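Trainee: In case you want the letters, here they are:
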Amino acid sequence: MKKRAEWSKELKRSWQLLLLMLPALVYVLIFEYGPMYGLQIAFKNYRPSLGIWGSEWVGLKHFIRFVKNPNFLKMLRNTLSITVYSLATFPIPILFALMLNEIYNQKFKKVAQMVSYMPHFLSDVVVCSLVLLFLSRSNGVINNVIEALGGTRQAFINIPEYFSTIYVWSGLWQGIGWSSILYLSALSGVSAELCESARIDGANRLQIIRYVNLPTIMPTIVITFIMKIGKLLSLGHSKIFLLQTDLNLPRSSVISTYVYNVGIIDGQSSYASAIGLFNNIINILILIAANRIVKKITDTSLF
Amino acid sequence: MKTMSKNRTIQLNSNTVFGFINTLIMTVLLFLFAYPLYYTVIASFSDAEAVITGKVGLLPVGFSLEAYKAVLANKQVWLGYRNTIFYTFFGTLFNLFLTIPLGYALSKKYLFCRKAFTWFFMITMYFGGGMIPTYLLYKNMGLINNPLIMIISGGLSVYNTIVTRTYFQNSVPESLFEAARIDGCSEIKAFIQIALPLAKPIIAVMVLYYAVGHWNSYFNAMMYLPNTDYQPLGLVLRRILILNQSAFENALSEGVVSAEMLKNAIAREYLAEVMKYALVFIASAPMLIIYPFVQKYFVKGVMIGAIKE
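As given, the protein sequences belong to chains A and B, one line each in that order. If you want our numbering, it's the 1-based position in the first sequence plus 1224. If you want our numbering, it's the 1-based position in the second sequence plus 104.
Just chain B, with the same shape it has in the complex (with noise of 0.2 Å):
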């Protein structure tokens, strides 16, 4: 009975030191997660110098809106703006377009050729014709430095697809198109009247999957939009923040920036590598501000996907 209940206690002490050590490692990674982030808000707002000279660590030195400034005076930064939400909207509603029907239709278990199609969609996930053609397509059909490009290509995820597909199988019940049906009620119909409304949560994980992308994306535009006047976002992070192009002169012309911060080249170069932190938060904030609301529809769709057949 003894050695019972001392068993007890070890075992019960052994747990706790785990659950302590466990919540102790996770906390020290939460903070790596979180500390970049955190590090260029404070350093965005920090006194240049501070940061420069790494007196920025933990906490913000000094308060200064100046890179903000700086920033917000750049018009490639707000073209690039204006350009992502253009394609990130129109971008998206194509997206819906190709992906909801598809995967409706796949998901209807007497589908004509249904396992054919499904393959001919799959394929494609697997096998493609790679950069080189998809770049001379394109070419041929007179989309290089076309915005419309943009929209297009990627318009079709397969990976989406069978997220929705998988979707409609097991949460939209069958009966209620049997009744329908039995109603005289045409596919189309049942489509747009029984499905559509009863796949919100579906078109929800849809657009924030794609929206992302489109977002996010600066790859496409370097390879088919050479022209400026079209480069979303993306482009412009780029050429500011990694080819390290100023960012600057524009702001300089447009005398944002206080004429005395100017004096010296040397704040000068302070305040450009600042206003990079500032760029970051600038580009990332609309996802960082909507992220935590709709948290849990990206996590359904993750949860969907991995449904297996």
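So that you can see chain A by itself, here it is in the shape it has in the complex (with noise of 0.2 Å):
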């Protein structure tokens, strides 16, 4: 415990820093903790005439409305259907930028790094633009060239087993080169003399990355996995809603959607803030979880 008159000191000494924070502490306050005390919706039915605070409790009656879902598990199996298979793409990065680490000719490191970066400036609706043109059956180059080589032309957009692959590998082309840009920064750390020595006692170029760089890079990677399992369940919505056609619902309709469908367009302000808790929870107790068990594995772990 500190002393009341050291309390006061330090108080004294940065009163003008707190006047420089203000500012977002208001905003943070009003604007994130804000909706937090909104989320006591999630337990009430809520009614506009009545307000957030006046509206009648209803205990986990819209938690078990969710889970009792006949589409509970089908949303369920479909976002973590998308996002197991993008953690699964994880080393996909980490191997890119082991091979341009490994790009003696500068120039030829500095174009492909522009490149590859490039794809991550463009809007989420740019992109999925032009994944619906690239796929288009009647027109797309995809299916220009399937024909090409003796296919037939599919519109793989409305074909539901396509839905997490399209969405993923979609995401793959934007987010590659970004990606790397960490693990990149982290091989820079690599001992030179480590490598030296490596190569000296008979080490080729794979091994000197099998066992010099990787090893080096490993906390960069424990660090990055942790948080990508934390988002386990939490699949942004933005990319979603615009690859969703009539025909992929079956597999495309994941919870953030449904929350926005049931909440937003049908006002069941309740249900959905229900629904979003219960993904918010699951997450973070992922998350907890995840980084316990790295933590005992590899002595790196995010907090």
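If you're looking for bench data, these hints aren't it; they were derived computationally from the structure. Among the hints, a few may not be true.
Unchecked claim - Think about it this way: if two alpha-carbon atoms lie no more than 30 Å apart in a straight line, the pair counts; the simulated DSSO-like pairs of lysine-lysine are:
| # | chain 1 | residue 1 | chain 2 | residue 2 |
| --- | --- | --- | --- | --- |
| 1 | B | 179 | A | 1331 |
| 2 | A | 1334 | B | 404 |
| 3 | A | 1452 | B | 173 |
| 4 | B | 219 | A | 1233 |
| 5 | B | 173 | A | 1333 |
| 6 | B | 213 | A | 1236 |
| 7 | B | 404 | A | 1333 |
| 8 | A | 1455 | B | 243 |
| 9 | B | 173 | B | 159 |
| 10 | A | 1463 | B | 400 |
| 11 | B | 219 | A | 1455 |
| 12 | A | 1520 | B | 293 |
| 13 | A | 1519 | B | 213 |
| 14 | A | 1285 | A | 1298 |
| 15 | A | 1236 | B | 179 |
| 16 | B | 243 | A | 1285 |
| 17 | A | 1519 | B | 404 |
| 18 | B | 293 | B | 404 |
| 19 | B | 159 | A | 1233 |
| 20 | A | 1455 | B | 159 |
Unchecked claim - To be clear about the criterion: a stretch of chain A counts as covered by chain B if any three or more of its residues have a C-beta under 8 Å from a C-beta of chain B, and this derived list gives those stretches:
| # | region |
| --- | --- |
| 21 | 1348-1355 |
| 22 | 1377-1386 |
| 23 | 1492-1500 |
Predicted model only: the values in this text are computed from it and were never measured. All C-beta atoms in this analysis are idealised placements derived from N, C-alpha and C, irrespective of residue type, glycine included.
Each of the two chains sits in its own frame; use the hints to bring them together as a complex.
Mentor: Structure (structure tokens):
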């Protein structure tokens, strides 16, 4: 416990700093903590006329309704099938960074970095438009190539089974280069002496990657992996909405789009809030669990 | 002696082969990264019929500006562009106003209750009210269908704040401030006169991060701005490119596209498809033009963000 005098001394010293952070403090209080206060409607029957505080408490009714919803398992499966798929592609940017690191021609390396980071700066709307244009059955490039090779044209976007593949790989196109920056910067920390002595001991380039480069960037890999696992159930809705068609709904209706449809379109605020909260809590639990497990195995952790 | 030299050649060879294969794979990957954008550009300038019938592959076929003429005749596109520029400019300004001072204050070890304040912000990275309570809050504040929402919502990214804090902690020497303090300089004065001039690189990074976010967003507008007049470019694009609503009536009524071109419905449909490529290019052009010049700032941001305290 600090003494009272010390506290007041600290406060006196930093009141101007507090003034500097006041706008952000007020902003977060209103626009981040405000909705958390509003989250109580997940346990109530929210009616606009009664307000958030005045609406009647109903306990876990909305949560039970969601879990008992016949589509609950389907939405959970669709969400997980996309996020687990994208988790499985987690090593690809690492591989890309390792390969980029092996390019000795600096000019080529620069061009490679510039080109591969570029898709990251396109908006979701543009990326999804490109996906739809390229996959278009009547005149898309991909179908043109398939036909030229003797295959038949298909409307890939309308085939439910392909949805997660389209979603994940278009995301990879957008993100491989950008995610590799982190690993590339970690790779610049590889000790040149260690590489040199490995080379003298007769290690070839693949072996140096395996036994020198990879262990060096392991902590970075572990941290990004935990972060990714923590997002297992938090699938963003923006790209899903853009790629959703009536025909691929069996695989593209996920929890977050359901929240939007139920809450914003149908106006069932309490029910939709309960689903959002349910999702958020599971995410946090997964994140904590992943952090624990990884900490035990590798000694690196997020918190 | 002989075996050793033989070993050496074999090893050299295996490394050279590795380098060759690596470069080869990398070249193929770069082609895959670049091709969609490249194709968008050449398709948008090509003859519409050639694009639709699949004759455009690696090189443009014919040359036509019809698609661009038609896109630029669309009033929605212009309106969206104007709105997006407006939201991006003022939104980013608001972001900086919140983020930079906060990052600076949190970087000071002697800040009153520093840990508690840091957690106050960090918690919002993992837990929040979610979509619906946020929507209700905005609704109660009268921000639905109010263009202000595009500037206010997402005002502070905690991740960006941490990047800023890390920058102040590691790149601006504390001794500078100590010297100023001895001279009787107040904290606010120190922030404005010492910290801000030294913070140009991190301000550049923040401007870029936030501006790209504003430029590319569409979902907030879809939820909070049902009114068309306020809609950003992203929503206009979505209507034309994703929902396939024809962007064309406008161009037709304005008489910009030549009449012969539109005589038959097929040609019209072709042009509507190629217009999509032109639109994608027009919407992404500002980012793609600026990007090569500012790439190093983006990369710098990622690097600073990677440093753990």
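Trainee: For each hint, tell me whether it holds in the structure or not.
Mentor: Verification of the hints:
no.: 1; hint: 179(B) with 1331(A); in the structure: violated (43 Å)
no.: 2; hint: 1334(A) with 404(B); in the structure: holds (15 Å)
no.: 3; hint: 1452(A) with 173(B); in the structure: violated (44 Å)
no.: 4; hint: 219(B) with 1233(A); in the structure: holds (17 Å)
no.: 5; hint: 173(B) with 1333(A); in the structure: violated (38 Å)
no.: 6; hint: 213(B) with 1236(A); in the structure: holds (15 Å)
no.: 7; hint: 404(B) with 1333(A); in the structure: holds (17 Å)
no.: 8; hint: 1455(A) with 243(B); in the structure: holds (28 Å)
no.: 9; hint: 173(B) with 159(B); in the structure: holds (22 Å)
no.: 10; hint: 1463(A) with 400(B); in the structure: holds (27 Å)
no.: 11; hint: 219(B) with 1455(A); in the structure: holds (25 Å)
no.: 12; hint: 1520(A) with 293(B); in the structure: violated (47 Å)
no.: 13; hint: 1519(A) with 213(B); in the structure: holds (28 Å)
no.: 14; hint: 1285(A) with 1298(A); in the structure: holds (21 Å)
no.: 15; hint: 1236(A) with 179(B); in the structure: violated (57 Å)
no.: 16; hint: 243(B) with 1285(A); in the structure: holds (25 Å)
no.: 17; hint: 1519(A) with 404(B); in the structure: holds (29 Å)
no.: 18; hint: 293(B) with 404(B); in the structure: holds (27 Å)
no.: 19; hint: 159(B) with 1233(A); in the structure: violated (76 Å)
no.: 20; hint: 1455(A) with 159(B); in the structure: violated (43 Å)
no.: 21; hint: 1348-1355; in the structure: holds (count 6)
no.: 22; hint: 1377-1386; in the structure: violated (count 0)
no.: 23; hint: 1492-1500; in the structure: holds (count 4)
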